[in-house]
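Chemist: Work out the full structure, taking the sequences as your base and the hints as a guide.
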Amino acid sequence: MSTNDTDTTDGTDAETDTGPETATGHPNVRQTAAELATGDRTDTLLATDGLRKEFGGFTAIDDVDFSVAEGELRCLIGPNGAGKSTLLKLVTGTHAPTAGKVYYDGHDLTDLPPHERVRRGISMKFQVPSVYGELTVRENARLPIQRFADGAERRRRVDEAIAAAGLSDYEAAPASTLSHGQQQQLEIGMAASMEPDLLLLDEPVAGLDVAEREAIAERITRLNEERGIAFVVIEHDTDFVATIADRVTVLHNGDVFREGPVADIESDPAVQDIYLGGDGA
Amino acid sequence: MATETGAGRTDSEPSGLLGRVRGRLEGPNTIGNSRAYWAGFAVAVAALLVYPYIVGAYQASRFSLFLVYAFLGLSLSVVWGYAGVLSFGQVVFFGVAGYTFGVVSVNFATPAGITGAFLVGIGGGALVAAVLGYFMFYGGVRDVYVTIITLVSTLVLHTFMAQTAGDQWTIGEAALGGFNGMPTIPNLAFGVGGAALVISDVMFYYLVLVLLVATYLGLRVLVNSDFGRVMVAVREDEDRTRMFGYDVRRAKLLVFTLGGALAGLSGVLYAAWGNYVSPGVFELAFASLPVVWVSIGGRDTLLGAVAATVGIEFFRNSLGGEWAFVTVGALLLVSILGLPGGVVPWLDRTYRNLRGGGTTPPTETTDSTDPEVTEA
Amino acid sequence: MINGLNLLFQFLDSFAFVVLAAAGLAIIFGIMGVINLAHGEFIMLGAYATTLASVRLGLPLVAAMLVGMVVTALFGLLVERVIISGWAPNWLGQRLVGRDLMEPLYDRLADSMVATWGLSLIMVQGVRITLGNSLDQIGTPLGNIAYGGFSYSMYRVVLSGVALGVLVLAYLVFTRTEFGMRARATIQDEDTARALGVDTERTYAATFVIGSGLAGLTGALYAPTVTMVPGLGGSFLVEAFVAVVVGGPSVVLGTALAGGFLGGINALVSNLLGTTAGRIALLVTAIVMIRFLPDGITGFVERVRARRQEGGA
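Read top to bottom, the protein sequences are chains A, B and C.
Taking my numbering, the leading residue of the first sequence gets 1, the next gets one more, and so forth.
Taking my numbering, the leading residue of the second sequence gets 282, the next gets one more, and so forth.
Taking my numbering, the leading residue of the third sequence gets 658, the next gets one more, and so forth.
Treat the hints as calculated values from the structure; they're not laboratory data.
Just so it is clear, CB atoms sit at the ideal spot from N, CA and C, and this is done for glycine as well.
Hints should not be assumed to be uniformly reliable.
Said to hold, decoys possible - Interface residues of chain B toward chain A, partial, derived using beta-carbon atoms under 8 Å:
| hint | residue |
| --- | --- |
| 1 | R510 |
| 2 | R521 |
| 3 | R523 |
Modeler: Have a look at this one:
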């Protein structure tokens, strides 16, 4: 049992699994954990090995080997209920796996509670925007930063984080008064301000208009290029994915269905098929 | 850097030592962040200082019980209002501390012994809180289940202590006394041998008052500090706070232990005040009083906790008899339904609205732990 | 053999007590997400109404018990309209100042605890002021069973039968009646239930009335056996609470299992070490159960069952 038992049913992805076994179109992902162990592919930042998650009678993640290289910008796509959010939560430790392991930066994360994983460089923005509504924007931005910066350095970072989110004029406003897009920006800013090596974003542009989406796409790209942060971004908007991604992983029924460069995935008819409810045959 | 003048801040940049002190005492997690507030505070403290001279030693002594209870109210405010843990079990730590003080002070009835009893009593309260807190928070128990466990714990202690009547329930010279409780607990005393001070009557009143003011100010500093902000973040959204790298279980445990120490302090003072402690302190009626005080006063303000505790207890004792509880019950109902945030925050909002200062609470103008608080 | 009989009777006694104390609360908590800390006082109300109906109005016992139950149910309706849903204050508020005065207490666990605690203070003191510190008791009917050197009240044995009957009745109501269907839909998902046309507000009101009625029934049943003091609710409250939590999400089955389990522990320890130890054992067991099985017994069973199903499919 994990030390932090928050083993709750993930309502966002749960649905009865009645489909047949998924197609095994795995690219060369399985090797990665083994490579990690032997010291090859040392630029692999994150690797999961045979990861499995069951909620009661439902298998949300089914024997997944998933890996991300340092500085890579990966998008995670798939139909609703495919297990995308669950996979991220297994990485952060919010859910404990039924079986399998998560490796990060060469270390086995299995016994580490979420806050420890965050301290090692993993950061996440949840699907539902969850800024601290009652606190001001500044107090929100301060919270992740106060842990590792003091005095003038802290103020500088907080100012930076607020400015990068475009919220300098809203410093003193309660976060609940921000628009949806602003809250997303604030959350991304808060997650990025911890200077992670791996940033997990669950639907960062859901509910935003075109201009806001562009702003966020630009921000993600900039963080990736300037600071070398690796990303795993769950999104449904194909244009958005095409703009930012290096590689794309397609999840279906809890398993990796396809993985590859953005262009390959975009043109793959099997991927389109599963979105329409087929089984990708 | 953008500076935002908080609604309460009517003065210009605070300077020097006073400014730095105020910088630590003030912040988004407490009300009253203006000169006007501190002026009012000073007046209130002055009034309390002269109170015994106005009403006489006897009344002052009775009043000091309400001041003693204020620590218990503060303990729940810290734990519930600031960290989001609704505990019906603060009286567990209160009672354990009281009994511990009783047992130790009866057995070591010298001033040094009593000083030791004082410290051990408070420590006992904190220790029990730490153990219970560890059991709950590191076991992943959350929300309402924490409340229920604390409620049940109170009852366990009540049931247990009520049957400690026999002779076998004696620790050294101190008989636990079952339902009848433990009488002849000595007055507080501090010091060693000839240089000792026995605290009785009016002196007790002043001791409690000084301790209360010091505790209040100390807690203000704490809740406005980095740790205080983490407490509030935990209250608002535990999961999110965890994802910012904070060990939420540890934070809750620390806060809960602090709450236990505060409740313990209250319990020790209580035992010394009445020279008596009984299982009645574990009764459900008494266990829920802190919840009453803090709900009515405003659980996420320290001032609300103190003011409501003292006010309600004073009122309840003046009214006396059967109507006291009915009125308190009615007051509780009306306040939770109509003013769920509590009376003191409501007063604060109304006051600031009247002064036209806007509705946003005094926000963080600078990081208050930053010594360069005076920079623009 | 004698001790076996003692144990059996103690168990039946504990079982009945826990189940009857918890029944009304389980329904209210399960369906409405409201914690009624005045639950003990509702029981007290039922007991008092029954006693008054029997002693002062001269009604036969069963009729008096019915009166007790109905009076409490009606009081529950009043409480639900005024305090829980806020319907009455808001109706007043709309007319006087043009806006709602309060939010309903559904799913506001901490606030509902505090508000109902206020109510319980009012109820206890109110009864104390109007009816004094104690009331004449109804005699316990049905006499005693004698065995060996012991005798046991027949009435209390009957109570355990009644407890079972209440469980069966609750089960039937939940599964066979329309109200039960609506209630279960609301427990599952309030928004969907409402979208499907279930009047959730009326379901809540009906639920609270039924829960109150059950509490009144408990009070009525225990009126002949407990001392009639205004604070009598206190001894039911915490046991009711822990049974609800330990029982888990399934209202009927959970209450039954909690009654059996906690009642069993109580009986066993009481038999060996006395009633005080028995009570402490029950409470400590409850704490341990809450810590290790936070979903209660039925919650845990559900998870195990689902997992096994998955394995076998």
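Chemist: Which earlier hints turn out false for this structure, listed by number in ascending order?
Modeler: Those not satisfied: there are none.
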